[in-house]
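Generate coordinates for the entire structure from the input sequences, incorporating the hints supplied.
No gaps in the numbering here: position 473 of the sequence shown is 1057 in the working numbering, and each next residue is one more.
Rather than coming from a laboratory, the hints here were simulated on the basis of the structure.
Treat the hints with caution; some may be incorrect.
As the list claims (entries may be wrong) - Here are the simulated SDA-like pairs of lysine to any residue, each with C-alpha atoms no more than 25 Å apart in a straight line:
#	residue 1	residue 2
1	990	662
2	724	911
3	872	695
4	990	899
5	917	657
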Amino acid sequence: MHVLPLLLLVAGSAAVAGAARRTPVPAPLLLVAAGLVIAYVPGVPGYELDPEVVLPLLLPPLLYTAATDSSYLDLRAHLRPIALLSVGYVLFATLAVGWVTYLIVPGLPLPAALVFGAVVAPPDAVAATAVARRVGLPSKITTILQGESLVNDATAITAYKVALAAAVGEGATWSGGIREFLLAAVGGVVVGLVLMMPIHWLRTRLNEALLQNTLSLLIPFVAYGIAEQVHASGVLAVVVVALYLGHRAWEVDFATRLQEEAVWKMVAFVLESAVFALIGLQLPVVLKGLGPYEGVSAAWYAVVVFLAVVAARFVWVYPATFLPRIVSPRIRKREENPTWKAPFVIGWAGMRGVVSLAIAFSIPLTVDGGDAFPERNLLLFLTFTTVIATLVVQGLTLPPLIRLLKLPGRDPQAETLAEANAQAQASRAAEQRLDELLADERNVLPPPLADRLRSVLERRRNAVWERLGAVNPVTGETADDTYRRLSRKMISAEREVFVRLRDHRYIDDEMLRTLLRRLDLEEAAAYREAA
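Printed below as a string of structure tokens:
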């Protein structure tokens, strides 16, 4: 891909994603729709997904940012449903969807149908997290969906490789496929375990935030590349490293965390926007070369496959939710009894995405000069229609479905109370430590400065409690909101003076940058974004 089309893709998708924030339509859906329309605008260059680019260059950073934002403790607490979805469901969907496709498409060999089943089996990490953030799913469901989407790509890619080997006549067997799957899974986890501690050690030893963030940008590619080099799962290696680094992020200095958060938010925004736009832009590519499958037959196949994908997920989700409780008294004692509503939402939240398309595009045209997949263009078309249908039908209906089912969401009052209690305990520890430090003659401070330390600590302790209190009847703000707003206005007044002094040459630009950075840090401390 040339530079100009790439820049147009990034700029255009970012603009559409920005506009989507002002509409009730989730950004992924608007981006896909825009891609579908723009694909046929005269003069728009062709964008064909290259699996050699998507899998090693786009998938690692998207997985990394999703995993670092996930909770290792929450994922571990819900390990059973996550494993049943990310491994069991993907293998089941590979077989179920592959078998249905084999039955409805005349002349399609069963191994080729299983290749297609593996392609469309995994719900996409980007789609799942993007929609979950927008619709405000309950925390347990969000954790399960995020955990599934972090691991299921590894299962699907391995299943695809095994089915592909059988389809092209490389003598693949069930035992060999199971062995390859286990080697890839165990190998990916081992690579991640080997890399995570040295990388974290290096992150804590680097003294410059710029160097630490440069390392942060390289980590997902390094983990993925090393794992793939030894024929292990690069997906699992990235996830293991990212979960460990996210869990230990508090050990990195504050400047790195502030900068890293901003950097990865930007990276995730750009990549997610481009990925969903690319899905829509594939329409001309997948329609090209359908040949005898053009028209009603291809549309009929697409509808049946979509229904099979949706049905297979429900067929798996409900037994996976309730059977463990029936079989195990320990699970019944330890976990509360689930209702039918949460499994229904999980079953309906199985959107597919760019990973399925990237794997589909990697289906070979020929093998050793022969025609390996004469139905390749049909499989590309069915993958595309499945991705579009799940994103549009399930993505659009998921928010009203959640409202209709009246699932209990997060309790802001309870969360604020928990935050206030945690802050109170931390403040008591900090106050005790401050008293110990000031008692040492090496730490003697003038009373105003010592009082300032205590007032900052008291302010931090009271701020959360104030959010539980009454609001201003005129503005609707809590005292904490008003404090932050006034603080920002005061800092803004200082900033204007510094700029005016620079413009009149009383200070130079280097001093201005120093003063502005100091104000920026104070503003960051005084004001916390609600996102």
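**OP:** Could you grab the alpha-carbon distance between residue 990 and residue 662 and see if it respects the 25 Å cut-off?
**Re:** holds, 22 Å
**OP:** Compare the distance between the alpha carbons of residue 872 and residue 695 with 25 Å, and conclude whether the hinted pair is satisfied.
**Re:** holds, 24 Å
**OP:** With a cut-off of 25 Å on the C-alpha distance, tell me whether residue 917 and residue 657 pass.
**Re:** holds, 20 Å
Subject >> 25 Å limit on alpha-carbon distance, applied to hinted pair residue 990 and residue 899 >> reply: Cα-Cα ~23 Å, so holds.
Subject >> Hinted pair residue 724 and residue 911, Cα distance within 25 Å >> reply: Holds, at roughly 22 Å.
Checked against the numbered hints above, the structure breaks none of them.
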